[in-house]
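Here the structure of chain A is known, so what remains is to put chain B in place on it, guided by the hints.
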Amino acid sequence: MTTQTIEPRMELEQNLHMYRQMAKIRAFEEQVNELYKGAKMPGLAHLYVGEEGVAVGVCEALRRDDFITSTHRGHGHCLAKGASVNRMFAELLGKEPGYCRGKGGSMHIADPETGNLGANAIVGGSAGIATGAALSAKMRGSGQVAACFFGDGALGQGVLYEVMNMASLWKLPVIYVCENNLYGEYTPCGETIAGEILARARAFGIHAESVDGQDVQLVNATMKRLVERARRGEGPAFLECKTYRYYGHHVGDVNREYRTKEEEREWMTGHDPLHTLASRLTAHGLADESVFERIRTDVQAEIDSGVQFALAAPYPEPSEVDEDVYA
Amino acid sequence: MPDAVRELTYGEAVREAIAEEMRRDPRVFVIGEDVAEAGHPFKTLVGLVQEFGTERIIDTPISEPGYAGIGVGAAMTGMRPIVDVMFGDFITLTMDQMVNQAAKVHYMSGGKLKVPIVFRTTLGATRRSAAQHSQSLQAWVSHVPGLKVALPSSPYEAKGLMKTAIRDDSPVVIFEDKMMYRVKGPVPAEDYTIPFGVADVKRAGTDVTIVATSSMVQVALGAATMLEKIGISAEVIDPRTTAPLDKQALIDSAKKTSRAIVVDEGYERYGVTAELASVIAEGAFYHLDAPVKRIGAMDVPVPFSPVLEDLTVPSEKMVFEAAKALCGKA
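Protein chains in written order, with our numbering: chain A, 1 to 327; chain B, 1001 to 1330.
The shape of chain B in the complex, shown without the other chains:
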């Protein structure tokens, strides 16, 4: 199985997905800031402009609302743009184009117009980038009917979910974990996609379910290893997309283990964890031995000082302690 052992970084997996889809479909193009010669500040697009030219890897002015809107119009008229929004924090600037335009056009037109667009952006703190370059705002767009939201948690998912996003006829917002770009993992060289709305069991277990998204999957797996040492078997589930959401997988796991923790790097208040917890509470209530525990980012603007910033993000230890408490071993 030579393919199975091939490893790519998360960033390389993203680039491979985009390059493969651009070779497959001449309608696909990339538009955004510093995407061409610069290859993107995170170096995820290096080499694409050499292969596809500046007609399909389009550098823009620093005008997020403008080029996002141009992407929407291109998508409505026969193209399949990948709109690059460098930092997740900047989706605040593209909100009208995402929420009022892209998400609504298909429905408002009675199904006649389609917007096959991918908004590619990032999430994740601890890069010492302070409050305007560190947020995880996936809850904002997960809230909006008409948008799909993907959260790849590994190089394998980074390639497979990106390819699915590009082939989808609806608008997709894909949040890449900027702290994972250099993390390596197995990525098949062949063409594959990962269906949206299908959760993945990252680790099977029997005592507690830990539902974790994106950057928090590794945190959950780390906590599960710690829990194993004290005799607690944790099941780790990655929903992979928040919209559509594989509710049944979450409910089935919680029914099996009777306890559930949900972890997401977005702000805890009104966040992704709130939705996931309520899905489990409603769907598995009579099987639960304890209330569902939510762990999100602390409800403060992300601080700069490492000493402070690290306090705001869910950690393996926090998940470990929460699981211990749920299992009556605190």
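Isolated chain A, as found in the complex:
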């Protein structure tokens, strides 16, 4: 793990933007949980609360036309890449104005306009897609890169290693972003991961780093280096972001007997990504609590209006059920 206590010198505006993006994801997810508890959302959702620093740090290092692939815990990635709150909520409720016109739902939000090739409900299922997008970018000479988000659970999927091997052989512009939140569903990663995570990537000759995923500035600065490297044609990279999901595997996983309350408290109070950034900017005299409070208020208004939009939006017409099976 990178332990350098660097203080990435970024513009205040950029830091406040990252804070806003993280706050938006958190408020969005808290609202999703309310929709679930109020029985207003069909199915389940896997909340990203606690991991906001990873999605925002990574996506803020990307161009709008760069690609991402996401996971079952994907709302944060989609929002961080530029998705609108209104259409996100609409999709989660299965409504017509949703990103997938209600056909995808929580685990399949895709938005080509922001380079989002889709969340994926097969663990590790988008590793091939992200690597293929990188091959495509290289073949087309577009200068785009692809960021492939996956969790520690996907480290158990063989296809990930197959595509990392090819990405290294062909020097593809893809960054494998491993969100290590310590649990694959309900199982601690210590029971499922042998050896060293970074060694797996390095075995393929892939540049690999590990960072504190709760430090959005560090994630962003590291990702920027990896992206520039990839754009220069120097090949793929692997970035492990150590993070933590505050909620359970999904909204229905409320007891979380597989981990301790002490552990949860430690992460939430000592390693919260929003608090970490806010307190650092405050300590440097660059902003004060009123700035962050105003951002949170603004963001909450956007969330409130978005959920109202989605609740009022129409469902798809029944005639749409067999549309778009084929292109």
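Hints in this document: simulated from the structure, not taken from any laboratory. Cβ atoms here follow ideal geometry from the backbone N, Cα and C, with glycine treated the same way. Be a bit skeptical, because a hint or two may be false.
To be verified - Computed beta-carbon distance windows for the label pairs: (1) A:171 <-> B:1041: 24 to 34 Å; (2) B:1290 <-> A:321: 31 to 41 Å; (3) B:1037 <-> A:259: 51 to 61 Å; (4) A:96 <-> B:1329: 58 to 68 Å; (5) A:196 <-> B:1037: 20 to 30 Å; (6) A:171 <-> B:1131: 50 to 60 Å; (7) B:1228 <-> A:156: 51 to 61 Å; (8) B:1299 <-> A:143: 51 to 61 Å; (9) B:1308 <-> A:319: 46 to 56 Å; (10) A:42 <-> B:1145: 18 to 28 Å.
Relative to chain A, chain B alone:
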């Protein structure tokens, strides 16, 4: 008509289709095992790397799920890959990429993303290759909404269906009959495509309809010749694609002849023959003089010993006997 008499082997027809499409569209490329310098173990791609280079004829490690997934991602982002899966048996390894990814992306994204990809693979037994290199698994993918499935039965179809597959904006799985690669037949030199979902009447007849796919078309035609000698007129229909399926052509023929046999080299159990038979039974029930007869591969893993293997595949004689029985001449 010099073009009409030009003959190519089935394998040459495949290669010509791919080469023509690669010249026409710079987005088309080939990715798979041993496709470049080796020209593919079945020699179907010989010469392509010399013309198009290793940037567009891409050799991969032996990683079917990985390069299939890479194909899906490339297809979603502006390219038109042909993913080569050497043996049909290996689609078991690429299933997640075909079934959960390629087939679903367009629908799940509300129609915004497209996956113009061709999975090129093989079917067919009797090559003495035993149980893991001899299966005909077209039923597996024909089952999945979002995938199209093409089964060329001659060099003419091998070229025309491949070109249609490459130009299609949806994922297509095309099964080539590996026993036919050296079989010659007329193939026009000019550009042509064969529309999906349009069956072809390979032989007109009046007494019994034989619907046959891929490798079984020649078997059906052989049986029809035998039947003619005993006064039975058989109509042989090749659906050419199982998805989309030209249901009406099958139903119309069965209505005309009142009897139908369906033949496919996949396992009979839950197979392509089951679907085709049910289409005919539902659509032509009141016109049928006998239940629809299904003939597929025997429901056993394909055995190695030639003596055993030959027993598992539908033969001309089996189709002939079935038709005789249907026509009351057994």
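Tested hints:
For the hinted restraint 24 to 34 Å between residue 171 (chain A) and residue 1041 (chain B), the CB-CB distance of approximately 28 Å keeps it satisfied. For the pair residue 1290 (chain B) and residue 321 (chain A), the beta carbons lie near 37 Å from each other, so the given range of 31 to 41 Å is met. For residue 1037 (chain B) and residue 259 (chain A), the hinted distance range of 51 to 61 Å is satisfied, since their beta carbons lie about 53 Å from each other. Here the CB-CB span from residue 96 (chain A) to residue 1329 (chain B) is close to 60 Å, well matched to the stated 58 to 68 Å.
Range check, residue 196 (chain A) to residue 1037 (chain B): about 37 Å between beta-carbon atoms, so the 20 to 30 Å window is missed. Against the hinted window of 50 to 60 Å, the Cβ-Cβ separation of residue 171 (chain A) and residue 1131 (chain B) comes to about 39 Å, which falls outside the hint. Between residue 1228 (chain B) and residue 156 (chain A) the beta carbons are some 60 Å apart, a value that agrees with the proposed interval 51 to 61 Å. Under the hint 51 to 61 Å, the C-beta atoms of residue 1299 (chain B) and residue 143 (chain A), about 54 Å apart, fit the expected range.
Separated by about 52 Å at the C-beta atoms, residue 1308 (chain B) and residue 319 (chain A) satisfy the suggested range of 46 to 56 Å. For residue 42 (chain A) and residue 1145 (chain B), the hinted distance range of 18 to 28 Å is satisfied, since their beta carbons lie about 21 Å from each other.
In the structure shown, a violation is registered for the earlier hints numbered 5, 6, in ascending order.
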